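UniProt numbering puts the first residue of the sequence shown at 1, with every later residue one more than the last.
These are calculated hints, taken from the structure and not from any lab test. Everything numeric in this text was worked out from a predicted model, so none of it was measured. Backbone N, C-alpha and C fix where the C-beta goes; we use that ideal spot for every residue, glycine too. Check the hints yourself; a few may be wrong.
[Said to hold, decoys possible] Below 30 Å or equal to it, Euclidean Cα-Cα: the simulated DSS-like pairs (lysine-lysine) are:
#1 247 / 79
#2 254 / 79
#3 16 / 254
#4 254 / 88
#5 16 / 247
#6 247 / 88
[Claimed, not checked] For each label pair, taking beta carbons as the anchor points, the in silico distance ranges come out as:
#7 209 / 96: 33 to 41 Å
#8 13 / 103: 47 to 55 Å
#9 11 / 305: 36 to 44 Å
#10 79 / 271: 37 to 45 Å
#11 191 / 11: 53 to 61 Å
#12 292 / 13: 33 to 41 Å
#13 227 / 163: 25 to 33 Å
#14 259 / 10: 23 to 31 Å
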Amino acid sequence: VSSKNIPVHTFGAHAKDLWETMKNPTTLYLLFFVAGNGTISQLTPITYNYVQYTLINLTNLEAGIQVIFTYLGVAVGVKIFQVFFLNKNWQTTLYLSFGTMQIMGLAWILCYWNVAGLLNPWFTIFITVNQQLAAGISQVLFSMAVIELAKPGQEAITYELIVSVANSALTVCVIVATQLLTPFDALTCSEGGDDDGVCKGNQVNTYSFSTYRHTDGPQKFTTYSLFVLGISLASLFVFTPFLPRTKQQCAEWKELGESGRFWLSPTATGALSAAIAVILVGYVTVASVAILDPDTSCMEVFGGSGCDTLSASNATARF
Numbered sequence: 001v002s003s004k005n006i007p008v009h010t011f012g013a014h015a016k017d018l019w020e021t022m023k024n025p026t027t028l029y030l031l032f033f034v035a036g037n038g039t040i041s042q043l044t045p046i047t048y049n050y051v052q053y054t055l056i057n058l059t060n061l062e063a064g065i066q067v068i069f070t071y072l073g074v075a076v077g078v079k080i081f082q083v084f085f086l087n088k089n090w091q092t093t094l095y096l097s098f099g100t101m102q103i104m105g106l107a108w109i110l111c112y113w114n115v116a117g118l119l120n121p122w123f124t125i126f127i128t129v130n131q132q133l134a135a136g137i138s139q140v141l142f143s144m145a146v147i148e149l150a151k152p153g154q155e156a157i158t159y160e161l162i163v164s165v166a167n168s169a170l171t172v173c174v175i176v177a178t179q180l181l182t183p184f185d186a187l188t189c190s191e192g193g194d195d196d197g198v199c200k201g202n203q204v205n206t207y208s209f210s211t212y213r214h215t216d217g218p219q220k221f222t223t224y225s226l227f228v229l230g231i232s233l234a235s236l237f238v239f240t241p242f243l244p245r246t247k248q249q250c251a252e253w254k255e256l257g258e259s260g261r262f263w264l265s266p267t268a269t270g271a272l273s274a275a276i277a278v279i280l281v282g283y284v285t286v287a288s289v290a291i292l293d294p295d296t297s298c299m300e301v302f303g304g305s306g307c308d309t310l311s312a313s314n315a316t317a318r319f
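Throw the hints in and build the complete structure from the sequences for me.
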């Protein structure tokens, strides 16, 4: 086949295709879903990481085993979706998978309080793997919707748009979860023995199990986790309706967009879709650059725990 017969896709052509994709109401619905679901519904307590990597201090072997089984859990979850839930109600599937994740999230409270000696590496690995198994079931849901909803020839560009926003939303999710530590006094520190760190009076000292208990770590971690899980669960009912229930509803939404019967004009729909994408992707891009500089990586807006007055002034001046 001669290369002369292959059409050249210019930047202008790609931009036009992207704009046409954004004007489709189905794209707007999916952007609402992945933005809200990724930013709020998937909020996960940061204290899980504190327990595993600071308090328990997983060995390299234990961490490696967790990584392997975590990826296996995601793969098994995807397979379970393909076999059992592909032709079921996708919204119900999302509720079930996230419900399972929330239940497993409550199991971390047993670790916080060391109930029956469960503050150990293997139980935390068990919880993490099961959470990822449930996550794998829901992970392919919006991908399936993109396949069904995208206009012919725009599947790839639609998928890349949705995935870019979804990944950016997950980054924002981590930043939000980190900032929520402060009002619950759940920020950690390490002070004692050979450690030259200094703890503030309202922080949780994770130097040892005894200092962790002495600084009220179990109660602070529990309160913080319940609040985060509560927000996640409540927001799930807000954003899930933007995910189509079945393949049939995908077709209905697609027809609604192509027939021009949507409540917003195509231009307004495209502008709103673009705004969601630009705000999320743009913020994460700026944050990714900011965390490379010690003067700005400490800023709370980028997920840091706060800068001192001088650093904050320097950071503001540099931006």
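Quick rundown of the hints versus the structure:
Distance check on the hinted pair: residue 247 and residue 79 sit about 18 Å apart at the alpha-carbon level, within 30 Å; holds. Using a Cα cut-off of 30 Å, the hinted pair residue 254 and residue 79 holds, with the two alpha carbons roughly 27 Å apart. For the given pair, residue 16 sits about 19 Å from residue 254 by alpha-carbon distance, which is consistent with the 30 Å threshold. Simply put, residue 254 and residue 88 have alpha-carbon atoms about 19 Å apart, close enough for the 30 Å limit, and the pair holds.
At most 30 Å may separate the alpha-carbon atoms for a hinted pair to count; residue 16 and residue 247 meet this at roughly 27 Å. Distance restraint check for residue 247 and residue 88: the Cα-Cα separation of roughly 9 Å lies within the 30 Å cut-off, and the hinted pair is therefore satisfied. For the pair residue 209 and residue 96, the beta carbons lie near 36 Å from each other, so the given range of 33 to 41 Å is met. A hinted range of 47 to 55 Å holds for the C-beta pair residue 13 and residue 103, which are about 48 Å apart.
Between residue 11 and residue 305 the beta carbon distance is about 41 Å. The supplied range of 36 to 44 Å therefore holds. Taken as a hint, the range 37 to 45 Å holds for the pair residue 79 and residue 271, whose Cβ atoms sit roughly 39 Å apart. At about 55 Å, the beta-carbon gap between residue 191 and residue 11 stays in the expected band of 53 to 61 Å. The given range of 33 to 41 Å is respected by residue 292 and residue 13, whose C-beta atoms sit roughly 34 Å from each other.
Roughly 29 Å separates the CB atoms of residue 227 and residue 163, a value that falls within the hinted 25 to 33 Å. Between residue 259 and residue 10 the beta carbon distance is about 30 Å. The supplied range of 23 to 31 Å therefore holds.
In summary, the structure agrees with every hint in the numbered list given earlier.
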